[in-house]
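Residues per chain, in single letters:
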Amino acid sequence: DQQVKQNSPSLSVQEGRISILNCDYTNSMFDYFLWYKKYPAEGPTFLISISSIKDKNEDGRFTVFLNKSAKHLSLHIVPSQPGDSAVYFCAAILEGGYNKLIFGAGTRLAVHP
Amino acid sequence: GAVVSQHPSWVICKSGTSVKIECRSLDFQATTMFWYRQFPKQSLMLMATSNEGSKATYEQGVEKDKFLINHASLTLSTLTVTSAHPEDSSFYICSATQGSIQQFFGPGTRLTVL
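First to last, the protein sequences are chains P and B. So in the numbering used here the end of the first sequence lands on 113, straight run, no missing numbers. So in the numbering used here the end of the second sequence lands on 114, straight run, no missing numbers.
For reference, chain P alone in the conformation it holds in the complex:
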C-alpha cells in the first residue's frame, strides 16, 4: 500500500512559468515531508522540507505548501528554469520513524524554453 503518492508521472512547463508538483499521503502520523530532485544515474538532492505543524515553507524559488486536512502537499517552483528539469520525489518521515524516508513514485518535470 503506497503511503505517499505522486499521481502525475510527468509535467511539462514553459520556462518562466510556475511549476506545481503534487503529492498526497495516507498516513496522518507523518511529521515531516521533504522534496528531493533527482537527475538520471545520480542520487537525489534535497530541496526543501516542511514540518507537519506548518502549512508553508519557502526557500528562494521553491515553496512547499501543506494541507493536513486534505493530506496533500505541493511544491511550487517559480520561475521555472530549464535546469529544473529532473524527477522530483516527495518523501515523508513517520513520527518516531527513525528518520526513515518513504518516497513517492516521482514526477518528471520538463521545463522547455
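The reader is advised that the hints may include incorrect statements.
Claimed, not checked - Computed list of lysine-lysine pairs in DSSO-like fashion (alpha-carbon distance at most 30 Å, straight line): (1) Lys5/P x Lys64/B; (2) Lys20/B x Lys38/P; (3) Lys55/B x Lys54/P; (4) Lys100/P x Lys54/P; (5) Lys66/B x Lys38/P; (6) Lys55/B x Lys100/P; (7) Lys66/B x Lys54/P; (8) Lys68/P x Lys41/B; (9) Lys5/P x Lys41/B; (10) Lys71/P x Lys100/P; (11) Lys71/P x Lys55/B.
Honestly, the hints are just simulated from the structure, not real lab data.
Given the coordinates of chain P, work out where chain B should sit on it, guided by the hints.
Positioned in the frame of chain P, the structure of chain B alone reads:
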C-alpha cells in the same frame, strides 16, 4: 559539505557471484546510513537502516542473508549482494545522516547481473 560517495558507480557481474558496494561520507561522520534500491521508473525503496557498530535493520521483504550490510565506521558502510541473480539488477543508492531529518545521498551504483 555533506558529500556522500559510492563505489563503484556501475558494475556488471555474472550470476552467482557476490558484489560489494561502498558508501562513504566524505566530510562528516554519519550516525546512520540507509540503503535504497530503485527499479526503472519507480520510486526509491528503503532496504535497510545501518548504524555504526550495530546490526542493520532490514525492511520487510528484504533478505538479510542476501544483502549483507556492514557499517564498520562512522564514514563507511558496505552493501554486499551475495550470489547475485539477474533479478538483483537495479540501481542501489545509499544515504547518510548526522541524526537530522535530512539525508545526503550518494550518486548510486548501477548493478547489472548477467
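Quick rundown of the hints versus the structure:
1. Among the hinted pairs, Lys5/P with Lys64/B is consistent with the structure: their alpha-carbon atoms are about 28 Å apart, no more than 30 Å.
2. Between Lys20/B and Lys38/P the CA atoms are separated by roughly 24 Å; this keeps the pair inside 30 Å, and the hint holds.
3. The suggested pairing of Lys55/B with Lys54/P is violated, with an alpha-carbon distance near 35 Å, which exceeds 30 Å.
4. With a C-alpha separation of about 20 Å, the suggested pairing of Lys100/P with Lys54/P holds against the 30 Å cut-off.
5. The suggested pairing of Lys66/B with Lys38/P holds, with an alpha-carbon distance near 28 Å, which does not exceed 30 Å.
6. For the given pair, Lys55/B sits about 16 Å from Lys100/P by alpha-carbon distance, which is consistent with the 30 Å threshold.
7. Proposed proximity of Lys66/B and Lys54/P is contradicted: the alpha carbons are some 41 Å apart, above 30 Å.
8. For a cut-off of 30 Å, the pair hint linking Lys68/P to Lys41/B stands: about 28 Å separates their Cα positions.
9. Of the supplied pair hints, the one linking Lys5/P and Lys41/B holds, its CA atoms being roughly 14 Å apart against a limit of 30 Å.
10. At roughly 19 Å between alpha-carbon atoms, Lys71/P and Lys100/P fall within 30 Å of each other, so this suggested pair holds.
11. Of the supplied pair hints, the one linking Lys71/P and Lys55/B is violated, its CA atoms being roughly 35 Å apart against a limit of 30 Å.
Violated hints, listed in ascending order, are 3, 7 and 11; each of the other numbered hints is respected by the structure.
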